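Taking the hints as your guide, dock the two standalone chains into a single complex.
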Amino acid sequence: QQQVKQSPQSLIVQKGGIPIINCAYENTAFDYFPWYQQFPGKGPALLIAIRPDVSEKKEGRFTISFNKSAKQFSLHIMDSQPGDSATYFCAASGTGANNLFFGTGTRLTVIP
Amino acid sequence: KAGVTQTPRYLIKTRGQQVTLSCSPISGHRSVSWYQQTPGQGLQFLFEYFSETQRNKGNFPGRFSGRQFSNSRSEMNVSTLELGDSALYLCASSLGQTFSGNTIYFGEGSWLTVV
Numbered sequence: 002q003q004q005v006k007q008s009p010q011s012l013i014v015q016k017g018g019i020p021i022i023n024c025a026y027e028n029t030a031f032d033y034f035p036w037y038q039q040f041p042g043k044g045p046a047l048l049i050a051i052r053p054d055v056s057e058k059k060e061g062r063f064t065i066s067f068n069k070s071a072k073q074f075s076l077h078i079m080d081s082q083p084g085d086s087a088t089y090f091c092a093a094s095g096t097g098a099n100n101l102f103f104g105t106g107t108r109l110t111v112i113p
Numbered sequence: 238k239a240g241v242t243q244t245p246r247y248l249i250k251t252r253g254q255q256v257t258l259s260c261s262p263i264s265g266h267r268s269v270s271w272y273q274q275t276p277g278q279g280l281q282f283l284f285e286y287f288s289e290t291q292r293n294k295g296n297f298p299g300r301f302s303g304r305q306f307s308n309s310r311s312e313m314n315v316s317t318l319e320l321g322d323s324a325l326y327l328c329a330s331s332l333g334q335t336f337s338g339n340t341i342y343f344g345e346g347s348w349l350t351v352v
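Chains A and B, in that order, are what the protein sequence lines are. For the first sequence, our numbering begins at 2 and goes up steadily by one. For the second sequence, our numbering begins at 238 and goes up steadily by one.
Only chain B is shown next, with the shape it has when bound in the complex (with noise of 0.2 Å):
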């Protein structure tokens, strides 16, 4: 079976652009749920989507956006990009809803670099 896949891998912008990350779920898994990694602040979660809906969302300014399709497959978004923008993003899904106790499966993320 194969995992949770995240793309680009790598990237790098230029602050002021805006970027979009893809997510596509272990199969059967409706729940997709997005992190930011940063040295300095750690693991955070940004939001959460189950059946295309956005269920839960963490405390992330609103240039960071997201949607999730029919099929599971979830993008996130970054506008107006900032240095501290900067930082390992990582998606992770799970059958059923994340803070349910449902395990959640992350994926190798993708490494977002502003300059």
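Just chain A, same shape as in the assembly (with noise of 0.2 Å):
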């Protein structure tokens, strides 16, 4: 059973756009939920977190919006760029989970 929930697995935008991932969970036990970028040939790097005490959070050009009644959180890349063409995973932990799960990733091109 997949306890993180991703979509869309792949999106293609132009430069400049606002790309958007989605992720839903079920647990109710999760109490953070990171978003790693990971580049072909390198492994996941940390985009941003965020707990549920908060609706929003801003990280430069990406926000994670988070609905916890919904159970679902999102990841938004502001004014998009080619260097951001990778591949992105949400996740979802908590100290009683004994795990990260991992949603199945969306590979994101940026046009130029």
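Honestly, the hints are just simulated from the structure, not real lab data. Hints are not guaranteed to be accurate.
[To be verified] Label pairs and their computed distance ranges (CB to CB): (1) B:R252 - A:G61: 44 to 50 Å; (2) A:D54 - B:R252: 47 to 53 Å; (3) A:A71 - B:N339: 22 to 28 Å; (4) A:A71 - B:R292: 27 to 33 Å; (5) B:T257 - A:N28: 29 to 35 Å; (6) A:A46 - B:Y247: 18 to 24 Å; (7) B:R304 - A:K69: 34 to 40 Å; (8) B:K250 - A:G42: 16 to 22 Å; (9) A:G61 - B:T257: 35 to 41 Å; (10) A:K16 - B:R304: 45 to 51 Å.
[As the list claims (entries may be wrong)] Which stretches of chain B does chain A cover? Using the computed rule of at least three CB atoms under 8 Å from a CB of chain A, they are: (11) 277-291; (12) 341-348.
Note that the structure is a prediction, hence the values are computed from the model and not measured. Beta carbons: idealized from backbone N, C-alpha and C, even for Gly.
Given below as structure tokens:
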């Protein structure tokens, strides 16, 4: 059973566009929701993370929106650039979860 | 500050053999966790070690094992390799335990091909 469901699987946007990647979870014990960015041949790198006590968090051009009641969270990339082309993973964990569950990934392509 | 270092980067093994992968965490980090990444199953957590003790384990068979040394370096071992074990194996380190919300830093991984 997929603990974290991520969509879409792939996404193509024009430079300057705002790609949105969505994730949903079921386990209410999750209290930590990170997003990772992975370039080909590299390991994932933490992009931004959020806890359920806030509904939005921004770091540079990256924003996480969190909806606790719907058990959903999403990543928005403002003013996307070709250098943002990568695979993005959402994840969820919690002190009681004893695991870090990843979404299936979204391959983002930003066209110049 | 050096990042997470994994060795070897690439290796090819035959079905039935065993393999040992090594991970050196960021200096000062006490937690090391391991992940398997495949196109079909995505990223999956294998296990986590903190202060030389396995703290958490994912849903993998007993052929997958690991250990952590007193200097926080870690190894993972896969015995009786199967074709389906072909994957990118990622190691990550963090200051505190992985599932307490501590930032984890990934290495570049070890590409294992089983033939």
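Results of checking the hints against the structure:
1. Roughly 46 Å separates the CB atoms of R252 (chain B) and G61 (chain A), a value that falls within the hinted 44 to 50 Å.
2. Separation of D54 (chain A) from R252 (chain B) is about 49 Å and conforms to the stated range, judged on CB atoms against 47 to 53 Å.
3. Here the CB-CB span from A71 (chain A) to N339 (chain B) is close to 27 Å, well matched to the stated 22 to 28 Å.
4. Hint check: A71 (chain A) to R292 (chain B), Cβ distance near 31 Å, so the stated range 27 to 33 Å holds.
5. A hinted range of 29 to 35 Å holds for the C-beta pair T257 (chain B) and N28 (chain A), which are about 33 Å apart.
6. The beta-carbon spacing between A46 (chain A) and Y247 (chain B), approximately 21 Å, falls within the hinted interval of 18 to 24 Å.
7. Range check, R304 (chain B) to K69 (chain A): Cβ separation about 38 Å, and the 34 to 40 Å hint holds.
8. Between K250 (chain B) and G42 (chain A), the C-beta spacing of about 21 Å keeps the proposed range 16 to 22 Å intact.
9. Range check, G61 (chain A) to T257 (chain B): about 39 Å between beta-carbon atoms, so the 35 to 41 Å window is met.
10. Distance hint for K16 (chain A) and R304 (chain B): a CB-CB separation of about 47 Å, consistent with the stated range 45 to 51 Å.
11. Counting residues of the segment 277-291 of chain B whose beta carbon lies closer than 8 Å to any beta carbon of chain A gives 4, which reaches the threshold of three, so the coverage claim holds.
12. Three residues within the 8 Å Cβ limit are the bar, and the segment 341-348 of chain B against chain A gives 6, so the coverage statement holds.
Comparing the model with each numbered hint stated earlier shows that all of them hold.
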